[in-house]
Amino acid sequence: MSQLLITATKKFAVALGLFTFLFGLLVPASAFAVEGEPVPDSNVFSIGGIIKDGDVVLEGIEISVLGADGFEAVGTTGADGRWSVPVPGKGEYQVTLRVETLPTGASLRDPDRSQKTVKIDVVNTVNVLFPLNDTTTPAVKPGDKPATAETNVFLGRLIAGVNLGILLAMAAIGLSLIYGTTALNNFAHGEMVTLGALLAFTFNKILGIDLLLSALLTTILVAASGWFQDAAIWRPLRKRRVGLTQMMIVSIGLSLVVRYIFQIIYGGDTKVLSQGEIWDVFGVPTQAVNVISAGVGVVILLLVAAFLTKTRLGKATRAVADNASLAAATGIDVERIIRIVWVIAGALTGISGVMLGLFLQASWDMGFSILLLMFAAVTLGGLGTAFGATVGALVIGIFVEMSTLVIPTDLKFAGALVVMILVLLIRPQGILGKAQRIG
Amino acid sequence: MSNQISVGDASPGCQKVDPILVADNVSRQFGGLTAVDVAHVEIPRGKITALIGPNGAGKTTLFNLLTGFDKPTTGTWTFEGKNLAGVASYKVARLGMIRTFQLTKSLSMLSVIENMRLGAQKQAGERFLAALIRPLWRAAENRITEQAEELLKRFKLDAKRDDFAASLSGGQRKLLEMARALMAEPKLVMLDEPMAGVNPALTQSLLDHIKDLKSNGTTVLFVEHDMHMVRHISDWVIVMAEGRIVAEGPPAQVMKDQAVIDAYLGAHADIDLGTVSIKIAKDDN
Amino acid sequence: MDWSLVFGNAAAELISPTTAAYALAAIGLAVHFGYTGLLNFGQAAFMAIGAYGFAVSVLNFGLSFWQAIAVSMILSVLFALILGIPTLRLRSDYLAIVTIAAAEILRYVVSTTSLKDLTGGSSGLSGFATEFYAINPFPTGNYLFWPFDVTEKELWVRVFGWSIVALATILVLLMMRSPWGRVVKGIREDEDAVRSLGKNVYAYKMQSLILGGALGTLAGIVFVLPRAVQPGNYVTGLTFFIWTIMLLGGAATVFGPIVGSMIFWVLLSLTEGVLQGLVNMGVITFLSTDQIGPVRFILIGLGLMALVVFRPQGIFGNKKELQFNV
Ligand SMILES: Nc1ncnc2c1ncn2[C@@H]1O[C@H](COP(=O)(O)OP(=O)(O)O)[C@@H](O)[C@H]1O
Ligand SMILES: [Mg+2]
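Protein chains in written order, with the UniProt record's numbering: chain A, 1 to 439; chain B, 1 to 285; chain C, 1 to 326.
Hints are computed from structural coordinates only; laboratory data are not their basis.
Just so you know, even glycine gets a beta-carbon here, dropped at the ideal spot from N, CA and C.
Do not rely on the hints blindly, as some may be mistaken.
Some, not all, of what chain C presents toward chain B, calculated at C-beta under 10 Å [as the list claims (entries may be wrong)]:
(1) Ile74
(2) Thr112
(3) Lys116
(4) Leu144
(5) Ser178
(6) Lys185
(7) Glu189
(8) Ala203
(9) Ile210
(10) Leu211
(11) Arg296
Quick list of the computed label-pair ranges, beta carbon to beta carbon [to be verified]:
(12) A:Lys119 x C:Gly62: 53 to 59 Å
(13) A:Lys119 x B:Ser167: 45 to 51 Å
(14) A:Ala305 x C:Asp290: 43 to 49 Å
(15) C:Asp117 x A:Gly78: 30 to 36 Å
(16) B:Lys211 x C:Leu174: 41 to 47 Å
(17) B:Ser167 x A:Leu326: 49 to 55 Å
(18) C:Asn280 x A:Phe228: 16 to 22 Å
(19) A:Leu326 x C:Ile170: 47 to 53 Å
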């Protein structure tokens with residue numbers, strides 16, 4: 001009995017300790033705050049905001065507010081672009097911009113965020129922002145052009161799909177190389193893509209550096225980030241013999257941390273990165289940078305293939321991916337190979353990030369939003385090989401873009417994921433890799 | 001030489017008087033490597049059969065194939081006349097053919113007694129809905145626990161009853177795995193290197209236990225490198241090399257077989273086979 | 001700035017229906033991962049099934065409160081079957097990727113404009129809890145004491161939510177102390193060993209997936225009773241929060257997820273309140289109020305990383321009971 005009590009007390013103490021520790025991070029600052037401001041005295045609660053296209057305020061835009069047990073209200077922006085809706089009290093509300101009330105040409109910067117959840121508790125009035133695309137700098141994506149009579153929609157989607165597939169392939173190879181050599185399912189891989197896109201944006205758009213040089217600098221920096229995260233996180237964890245599942249969860253945590261740091265630095269909106277002239281590719285107007293990206297991408301993929309099959313280092317990498325302990329026994333320095341893999345994966349993913357940024361535009365969570373497509377590519381291709389990842393990425397890229405001919409655009413990612421699951425169902429051996437030894 | 005086990009003279013793949021397990025054309029390839037290629041083999045019922053052969057001979061792979069843990073490239077086999085090819089491993093076990101693993105699979109984060117209880121068959125409480133209604137399975141649980149405690153005593157593990165299996169030594173885990181397999185009251189128990197790493201002080205009681213199994217009517221098939229042990233308790237010996245069965249027969253006869261000596265020792269035919277035991281016994285940790 | 005309000009709000013999270021819902025979802029996940037070793041990264045999907053199954057049944061098909069719950073549970077079982085059939089035979093890390101993908105597929109499907117009439121598209125659904133509040137046994141009034149003071153509606157949803165948590169706890173305790181629980185724990189340790197003892201591992205994994213998923217579905221219902229159904233809530237991030245909560249309390253424990261959920265929400269509310277206060281007072285100048293949300297996520301991410309490396313068994317778990325050996 002007393003034993004029980006002691007264990008319970010110990011557990012409680014640990015809980016309290018953890019609580020105090022986390023809390024301690026916050027308390028010192030608040031301890032100085034002796035007198036706060038008076039409580040906002042009213043019991044009036046409201047949600048509001050302002051809708052602007054660039055610097056022009058928009059009038060007559062409707063915003064609906066839904067609350068608990070059926071509360072529903074609609075606000076409309078006035079001549080100053082402002083709207084405000086009184087709400088019954090504290091709680092969570094769901095605020096939706098009625099996209100159909102926007103003037104033609106105006107659209108949300110992030111079409112997925114026409115809706116936000118707002119919580120009212122400490123503050124009585126909450127502002128909700130819906131950033132719109134600045135119509136002065138329209139972003140063009142291949143196939144996004146309104147289909148004119150001579151534009152072949154089918155071909156347009158195919159070209160866009162191949163383009164996406166090639167760009168996805170470079171990032172997917174990075175993911176697959178890391179998985180192959182360390183067996184880590186890296187959920188923070190998307191953030192390297194984002195880092196690539198955002199750095200390119202910083203160099204090119206903020207600092208005004210030439211795009212090519214920006215891309216080069218970005219690649220070097222993301223490669224360095226690969227080396228750094230291996231040295232700072234993954235190698236120590238391997239040394240501690242932390243399990244693979246644990247490492248996978250660490251990568252999930254890392255992804256959250258990095259993603260929201262991006263959001264704090266760069267904000268929640270989409271950064272327009274693409275630019276330049278439009279080329280005619282088989283009758284499909286396509287942005288020149290994307291055509292060039294795809295070309296460069298193919299060359300890089302060929303180089304990677306040559307590196308893995310022809311060079312000593314590449315062969316050693318494949319040996320480690322095949323069987324790390326056997327490779328170690330034959331005198332290969334496995335840790336060194338892993339370090340190199342992180343750098344190569346970083347470089348490939350960084351380039352991919354720049355090009356995907358040019359293709360899809362850059363935002364704080366772009367990498368995370370395509371993370372599952374990368375996993376799908378690696379899984380589809382199977383075997384954790386670079387070649388498999390490339391094929392998988394092309395299949396996924398083409399499927400994502402082509403499927404929109406048949407299914408609604410907002411389901412295109414879902415379609416690609418369904419394909420991945422179906423492939424697993426029909427050909428599990430394709431993704432199982434080597435059969436595991438039993439007994 | 002005649003014996004009561006085989007029909008006629010002992011030879012690789014010979015017919016048995018009363019076989020419990022019969023396999024035909026069982027082969028397994030890994031890429032280009034043929035790990036197992038057994039034309040015909042029969043395991044005699046109610047006897048202790050040793051399966052011996054150098055490392056990499058394909059013994060473990062054959063176990064995996066016969067128990068449904070691996071799929072053969074070709075082959076069919078029957079257990080007590082029932083066709084087992086393509087039958088899921090858990091169903092094989094339910095038919096009374098229980099195997100252990102060369103690399104021990106004790107369930108580390110379960111206690112020793114829970115490991116043992118898991119071996120029992122026909123516990124109604126293992127069914128999803130019945131699990132919620134204790135009266136449905138309490139009696140069976142008590143009976144299983146008694147049986148488990150008895151076995152633990154036999155295997156000198158009773159002091160560890162409530163410890164996590166993770167806290168056992170390598171040898172103790174081997175014992176636990178074997179005891180757990182016996183909880184299922186198998187008709188045929190297949191032990192993959194049961195003595196490897198077991199404290200030599202315990203070996204004798206283990207041997208006695210295996211003999212007890214036989215007297216209770218259980219058939220035993222075991223893989224072993226210790227030739228003294230093989231000679232001591234087995235009624236029949238099957239020798240594998242490079243995936244094939246190269247010799248078969250009563251222990252005394254097989255030990256003298258030139259094919260066996262070649263398979264094990266290659267050119268160094270003058271070394272006594274018995275020396276293997278000393279090396280293995282030292283591996284205990 | 002009123003600090004008592006900040007602390008009051010944080011304390012109120014201890015019994016909030018959201019805390020109950022997350023605790024319930026985390027208990028379900030503990031059944032999956034903590035006890036059976038299944039890497040389910042799609043718990044958000046089970047919650048979405050609860051939310052949408054319930055709301056659509058009421059709004060579009062006019063079903064009663066209890067009927068709607070029953071429909072959600074049936075959908076949950078079907079979803080578990082669809083998810084489990086292709087994946088439970090695969091290596092465990094594939095289960096992780098497939099479950100996360102399935103959850104995303106479901107989210108895309110409920111938010112697509114093509115199903116707007118059924119699911120409300122990206123605006124979601126509301127007004128489905130009328131009957132739930134109509135059967136409220138508590139007369140109009142204010143209940144409890146500061147900082148837990150609530151209206152009769154708030155009390156009812158709390159009583160309902162926590163009752164379900166209590167029932168789920170008892171259910172899982174009974175299951176895990178039964179021979180069934182022994183088998184699934186064995187599967188967590190080494191499924192081949194369990195198979196060699198004549199247990200149908202695949203069936204047990206499926207049962208575990210269904211059981212934990214059903215708890216996730218109930219969590220989804222409890223979660224939406226006090227708010228609107230909104231597709232944006234069922235992102236992968238939700239699953240990761242449930243994982244954090246489960247790992248915080250201890251994956252292979254029944255009470256861990258409950259305490260984990262309480263700690264999680266209290267800390268989250270405190271962080272938000274304190275940061276907001278400090279920003280408003282001008283003590284913190286490097287953050288704007290918009291950036292407080294991201295800071296919370298960063299803290300959750302850091303917490304998750306630290307937890308899984310330094311205390312994988314959670315606060316209440318037995319170090320020996322849970323090892324990540326998948
Ligand atoms: N899963 C597998 N993949 C590839 N080769 C294997 C696998 N399992 C066994 N082998 C090979 O098959 C041969 C037989 O192995 P095994 O059955 O373990 O031999 P034994 O148990 O007789 O020592 C060995 O050459 C081994 O390397
Ligand atoms: Mg072997």
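Structure-based check of all given hints:
no., hint, verdict
1, Ile74, "violated, 17 Å"
2, Thr112, "violated, 35 Å"
3, Lys116, "violated, 39 Å"
4, Leu144, "violated, 34 Å"
5, Ser178, "holds, 4 Å"
6, Lys185, "holds, 6 Å"
7, Glu189, "holds, 4 Å"
8, Ala203, "holds, 9 Å"
9, Ile210, "holds, 9 Å"
10, Leu211, "holds, 8 Å"
11, Arg296, "violated, 34 Å"
12, A:Lys119 x C:Gly62: 53 to 59 Å, "violated, 31 Å"
13, A:Lys119 x B:Ser167: 45 to 51 Å, "holds, 49 Å"
14, A:Ala305 x C:Asp290: 43 to 49 Å, "holds, 45 Å"
15, C:Asp117 x A:Gly78: 30 to 36 Å, "holds, 31 Å"
16, B:Lys211 x C:Leu174: 41 to 47 Å, "holds, 43 Å"
17, B:Ser167 x A:Leu326: 49 to 55 Å, "violated, 31 Å"
18, C:Asn280 x A:Phe228: 16 to 22 Å, "violated, 36 Å"
19, A:Leu326 x C:Ile170: 47 to 53 Å, "holds, 50 Å"
Hint violations for this structure: numbers 1, 2, 3, 4, 11, 12, 17, 18, all remaining hints satisfied.
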